[in-house]
Amino acid sequence: MPFDLKELFSFIAFVITTLIFVTVESFINACKWGFKKRRDLSREVILVTGAGGGIGRLLCVEFAKCCPTVVAWSHHQSKLEDTARLVLEKTGVIIKTYACDIRSRESIRQTAQRVLDEVGTVTILVNNAGILNAKRLMALEQSEIEDCFKINVISNFYIIQEFLPSMMGVKSKEDTPSSVALAKGHIVTVASVSSVIPCVGYSDYSASKAAVLSMSESLEMELALMNLDRKIRMTNVLPFVVNTEMTAGLKAKRPFLFPFIDAEYCAHRIVNAVRANERTVYITAQYSILPLLKWLCPAVTFRRMLNYVGAQEFADNIQEGRAKKVTTL
2 MPFDLKELFS FIAFVITTLI FVTVESFINA CKWGFKKRRD LSREVILVTG AGGGIGRLLC
62 VEFAKCCPTV VAWSHHQSKL EDTARLVLEK TGVIIKTYAC DIRSRESIRQ TAQRVLDEVG
122 TVTILVNNAG ILNAKRLMAL EQSEIEDCFK INVISNFYII QEFLPSMMGV KSKEDTPSSV
182 ALAKGHIVTV ASVSSVIPCV GYSDYSASKA AVLSMSESLE MELALMNLDR KIRMTNVLPF
242 VVNTEMTAGL KAKRPFLFPF IDAEYCAHRI VNAVRANERT VYITAQYSIL PLLKWLCPAV
302 TFRRMLNYVG AQEFADNIQE GRAKKVTTL
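Okay, so the sequence shown: first residue is 2 according to our numbering, each after it adds one.
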């Protein structure tokens, strides 16, 4: 194959141009990080899924501190009522609650239409709902795998399809925006560090969170293609283990290296990320080094690191915790 000098120069020019863009964008991002402007949320309409407990419930509390119009979704009406009481007690805000089975496309469609009719255009959508089976692959039942993907991934597609058109300033998903000026919105995807660092017993969960993270990044590219990326923001949240009911029983083997995350701090950090229009947020920031370590280290070495911090025992810890809870009921 003959040597193509023109192709070589073209490649060198591409590398140099890329490095310049990376340097400039990194500098701009660093400046933004140093002088982050927090936007006012008081006129937004914020919808949080998975608001019946855990991070979702606390997100409703945190958002209500700076926004009087918060909409909470959960499969369980009784849990939504508990969330509403907590928000009222902590902030004095009366939130709107809607029971919705997000495993069902029709339930999502009907509930979304009710929100649009009764509350108005949702300007900040927080896709937070998720489940964790914490079982090894061969122990997973078909229904558990399907529910994991329906709740953690597929529901996000359907919910975004219902609310994105109004964010874009159009009436339905078949229409295209006639004016960028009309567009306004923010979509928050609560993924997980497990999106990029899977571990034992997390096969379905990690796969679902990796999928939803990729979906969010792909959607951001689609918005950019329509010149909407400055009008409709995307924030991807990747928390480490958060102390909630879902992870009850987990034990931090090396808390000085990899501490578990307080749920209230996690919710507060997500709200701040929305107000600062942050794109990708690891909670806490130290966990952002894990993907780099995975890429740099040989596979066996990286698995040993996970063993050292106890990550390979997480699923077993959770199952033990759930068994104890059932026994004491």
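Read the hints as simulated data drawn from the structure, not as lab findings.
As the structure is a prediction and not an experimental result, all values here were calculated from the model.
A few of these clues could be false.
[Unchecked claim] Derived pair list, reagent style DSSO-like, types lysine-lysine, alpha-carbon separation capped at 30 Å:
#1 Lys295 / Lys254
#2 Lys66 / Lys295
#3 Lys232 / Lys97
#4 Lys185 / Lys136
#5 Lys151 / Lys232
#6 Lys232 / Lys136
#7 Lys136 / Lys66
#8 Lys254 / Lys38
#9 Lys66 / Lys80
#10 Lys151 / Lys97
#11 Lys136 / Lys97
#12 Lys38 / Lys91
#13 Lys252 / Lys151
#14 Lys254 / Lys136
#15 Lys66 / Lys254
#16 Lys232 / Lys252
#17 Lys80 / Lys252
#18 Lys136 / Lys80
#19 Lys80 / Lys91
#20 Lys38 / Lys151
#21 Lys38 / Lys136
#22 Lys295 / Lys38
#23 Lys91 / Lys66
#24 Lys151 / Lys295
#25 Lys151 / Lys136
#26 Lys97 / Lys80
#27 Lys38 / Lys80
#28 Lys252 / Lys295
#29 Lys151 / Lys185
#30 Lys185 / Lys254
[To be verified] Okay, the calculated beta carbon distance ranges per label pair:
#31 Thr122 / Met227: 14 to 22 Å
#32 Tyr309 / Asp41: 40 to 48 Å
#33 Glu82 / Ser219: 31 to 39 Å
#34 Tyr309 / Leu183: 49 to 57 Å
#35 Arg304 / Ala140: 29 to 37 Å
We treat Cβ as the ideally placed atom computed from N, Cα and C, and that holds for glycine.
Results of checking the hints against the structure:
{"no.": "1", "hint": "Lys295 / Lys254", "result": "holds (20 Å)"}
{"no.": "2", "hint": "Lys66 / Lys295", "result": "violated (38 Å)"}
{"no.": "3", "hint": "Lys232 / Lys97", "result": "holds (26 Å)"}
{"no.": "4", "hint": "Lys185 / Lys136", "result": "violated (40 Å)"}
{"no.": "5", "hint": "Lys151 / Lys232", "result": "holds (29 Å)"}
{"no.": "6", "hint": "Lys232 / Lys136", "result": "violated (40 Å)"}
{"no.": "7", "hint": "Lys136 / Lys66", "result": "violated (37 Å)"}
{"no.": "8", "hint": "Lys254 / Lys38", "result": "violated (37 Å)"}
{"no.": "9", "hint": "Lys66 / Lys80", "result": "holds (20 Å)"}
{"no.": "10", "hint": "Lys151 / Lys97", "result": "holds (24 Å)"}
{"no.": "11", "hint": "Lys136 / Lys97", "result": "violated (35 Å)"}
{"no.": "12", "hint": "Lys38 / Lys91", "result": "holds (26 Å)"}
{"no.": "13", "hint": "Lys252 / Lys151", "result": "holds (28 Å)"}
{"no.": "14", "hint": "Lys254 / Lys136", "result": "holds (20 Å)"}
{"no.": "15", "hint": "Lys66 / Lys254", "result": "violated (35 Å)"}
{"no.": "16", "hint": "Lys232 / Lys252", "result": "violated (42 Å)"}
{"no.": "17", "hint": "Lys80 / Lys252", "result": "holds (27 Å)"}
{"no.": "18", "hint": "Lys136 / Lys80", "result": "holds (25 Å)"}
{"no.": "19", "hint": "Lys80 / Lys91", "result": "holds (17 Å)"}
{"no.": "20", "hint": "Lys38 / Lys151", "result": "violated (36 Å)"}
{"no.": "21", "hint": "Lys38 / Lys136", "result": "violated (42 Å)"}
{"no.": "22", "hint": "Lys295 / Lys38", "result": "violated (33 Å)"}
{"no.": "23", "hint": "Lys91 / Lys66", "result": "holds (8 Å)"}
{"no.": "24", "hint": "Lys151 / Lys295", "result": "holds (28 Å)"}
{"no.": "25", "hint": "Lys151 / Lys136", "result": "holds (17 Å)"}
{"no.": "26", "hint": "Lys97 / Lys80", "result": "holds (13 Å)"}
{"no.": "27", "hint": "Lys38 / Lys80", "result": "violated (35 Å)"}
{"no.": "28", "hint": "Lys252 / Lys295", "result": "holds (23 Å)"}
{"no.": "29", "hint": "Lys151 / Lys185", "result": "holds (27 Å)"}
{"no.": "30", "hint": "Lys185 / Lys254", "result": "violated (44 Å)"}
{"no.": "31", "hint": "Thr122 / Met227: 14 to 22 Å", "result": "holds (18 Å)"}
{"no.": "32", "hint": "Tyr309 / Asp41: 40 to 48 Å", "result": "holds (45 Å)"}
{"no.": "33", "hint": "Glu82 / Ser219: 31 to 39 Å", "result": "holds (36 Å)"}
{"no.": "34", "hint": "Tyr309 / Leu183: 49 to 57 Å", "result": "holds (52 Å)"}
{"no.": "35", "hint": "Arg304 / Ala140: 29 to 37 Å", "result": "violated (20 Å)"}
Hint violations for this structure: numbers 2, 4, 6, 7, 8, 11, 15, 16, 20, 21, 22, 27, 30 and 35, all remaining hints satisfied.
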